[in-house]
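Peer 1: Full structure from sequences and hints, please.
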Amino acid sequence: MQFIVYTRRGDSHGATIAGLIRALLSSRMVAGHVQLIDDPDLLRMNYISNVPTVMLDGSYISSGYVPTRSELETAIDRRQQALALSRSVFENTGDSRRWRR
709 MQFIVYTRRG DSHGATIAGL IRALLSSRMV AGHVQLIDDP DLLRMNYISN
759 VPTVMLDGSY ISSGYVPTRS ELETAIDRRQ QALALSRSVF ENTGDSRRWR
809 R
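FYI, our numbering numbers position 93 of the sequence shown as 801, with every residue one higher than the one before it.
Mixed in with the good hints, there may be bad ones.
To be verified - Computed Cβ-Cβ distance ranges for the label pairs, DEER-style:
#1 His721 - Asp765: 17 to 23 Å
#2 Met709 - Tyr773: 20 to 26 Å
#3 Asn754 - Gly718: 15 to 21 Å
#4 Asn754 - Leu791: 21 to 27 Å
#5 Gly718 - Ala792: 36 to 42 Å
#6 Met753 - Gln789: 27 to 33 Å
#7 Gly727 - Gln788: 19 to 25 Å
#8 Ala731 - Gly766: 20 to 26 Å
#9 Ser735 - Ala790: 18 to 24 Å
To be clear, the hints were calculated from the coordinates, so they are not data collected in a lab. Just so you know, these numbers come straight off a predicted model, no measurement behind them. All C-beta atoms in this analysis are idealised placements derived from N, C-alpha and C, irrespective of residue type, glycine included.
Peer 2: Pasting the structure below:
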């Protein structure tokens, strides 16, 4: 999982959000990467006008406000479910005989 936190340079919200995400990933023993972007040129290039903005694997979690812990937990749960589903669909787990009927 890759989290990207867009924020203004010197804004304490970005560091707070990144710390919360790291704590959630650690408590759930989930591998993830948190990237904090505060460069005005990168914000403009990525069309980010509302800060702070939090994204998970390219999908918006929040834009213009600090997300709550439950919003982040929900996003992590949904992403884990999506990854598990795609893994079960695209990998041959030996249960392919069941689908041949």
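Peer 1: Enumerate the violated hints, using their earlier numbering and listing them in ascending order.
Peer 2: none
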